[in-house]
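Heads up: the sequence lines are chains P and A, in that order. Take the first sequence: its position 198, counting from 1, is numbered 198 in the UniProt record's numbering, and each next residue is one higher. Take the second sequence: its position 209, counting from 1, is numbered 209 in the UniProt record's numbering, and each next residue is one higher.
Among the clues, some could well be false.
[What the hints assert, rightly or not] Restricting the straight-line Cα-Cα distance to at most 25 Å, the calculated cross-link-like pairs of lysine-lysine (PhoX-like) are:
1) Lys60(P) to Lys57(A)
2) Lys60(P) to Lys60(A)
3) Lys57(A) to Lys57(P)
4) Lys57(P) to Lys60(A)
FYI, nobody ran anything at the bench for these hints, they're computed from the structure.
2 protein chains.
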Amino acid sequence: MTSRQNRNRDRADRGIPEATVARLPVYLRALHSLQERDVATVSSEELAAAAGVNSAKLRKDLSHLGSYGTRGVGYEVEYLVYQISRELGLTQDWVVAIIGVGNLGRALAGYGGFASRGFRVAGLLDADESIVGQTISGMAVEHIDRLEDLIAERGVSIAVIATPAVAAQGLCDRVVASGVTSVLNFAPVVLSVPEGVDVRKVDLSIELQILAFHEQRKAGGPGDYEPLAAGDEPPGTTHYVEAVEA
Amino acid sequence: MTSRQNRNRDRADRGIPEATVARLPVYLRALHSLQERDVATVSSEELAAAAGVNSAKLRKDLSHLGSYGTRGVGYEVEYLVYQISRELGLTQDWVVAIIGVGNLGRALAGYGGFASRGFRVAGLLDADESIVGQTISGMAVEHIDRLEDLIAERGVSIAVIATPAVAAQGLCDRVVASGVTSVLNFAPVVLSVPEGVDVRKVDLSIELQILAFHEQRKAGGPGDYEPLAAGDEPPGTTHYVEAVEA
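Chain P extracted, bound-state conformation (with noise of 0.2 Å):
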């Protein structure tokens, strides 16, 4: 069950690495503001500097999908986002359970970035009798003991956990138990799954740990790794980042 074997598996099976998956969404974003500007042509480098990668990285990325473009002409951006969906399975909707009505749960139940790539959120589940009930985007909120009988009526594939680190573990046992195999886990904890389960988890404040990266970098620190030294780095540096990785 260990994560390099299975990502070793994938790579055999398709030739496309993790990494590359990851780019994917920010690419198929890219692409989808250039669809709103009416633009029908892209080149490997224009792409690539909006979604913040290199451009050789970008072609490399698209080659995995049989995508190499036009020379002279670039990347028909019609076709890269129909392919592109194609292959993050975005051509189909996914039902998508929220589990956990606090307030990311409430913010995500209304986040429009979903439904716009596929995700429909077909039912927010809490376990506190105050909040069920409530209406949330529309929808209302049911108790988490319907769980099993929701993922099952609506056809749930994705669970959201936004619950409390304490009750997330329970939680996605229950939801695996259901035969739920994609898990999103907002919840401050590692969750462990069997075989056959992804898991991905948000870690909200790693973009701020960046962001204190640079932030640093510009005050002019933090210097060289003699430990405890003082930092003694020119100050002054500035940078630009686009975030490839939400």
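Keeping the supplied structure of chain P fixed, place chain A upon it in accordance with the hints.
Only chain A this time, still in chain P's reference frame:
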């Protein structure tokens, strides 16, 4: 103001690639878990598995910090935590203001993962008079008119924008005009900033898209890239994926 120019400048200055910087918080998360279990040393293989990367990449990443471990022993957990925290700038406090106190802003205001990494939320701001004055996670929401004063008075160095898309650019401009050079953007819009300002964008749907990719694989799709051809890949592939980027 292109991202590539500045990224290259960054590399030349310090020799730490952006991709390595993005993985350091993931290593740190894994190391904190080891500390909680009183683990004193860790091999590169163990740490790599916990972080979801391969061990060669981990060793190379850590070598940028001047950290090479000890043959047969591995890395000393406590010292590596110190090195990474120092590199990321987490050994000092960062003062954060959250702009936009809807569901997401509330979730971020109460997010435990910020304080524990050195991020102190010193202000909550909103334009909605019905929200101003409310107490969220022990802090009173202030009117957005106070933005510039609040940044100056409290020494805000990182602004978190959690507003609707339409308001984000104007608020970003005000934040930047007040001297803040790090912006974490949750609004579904690309922000324009002058050179010297770092923006990182969080798209909450990206992890879901990666799950969809694997879910589709498990179901046997999408097959080859003949336009509109039906999927013809053997079913039954399973994966376990640890999120490397959040």
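Evaluated hints:
no.: 1; hint: Lys60(P) to Lys57(A); in the structure: 19 Å, holds
no.: 2; hint: Lys60(P) to Lys60(A); in the structure: 22 Å, holds
no.: 3; hint: Lys57(A) to Lys57(P); in the structure: 17 Å, holds
no.: 4; hint: Lys57(P) to Lys60(A); in the structure: 19 Å, holds
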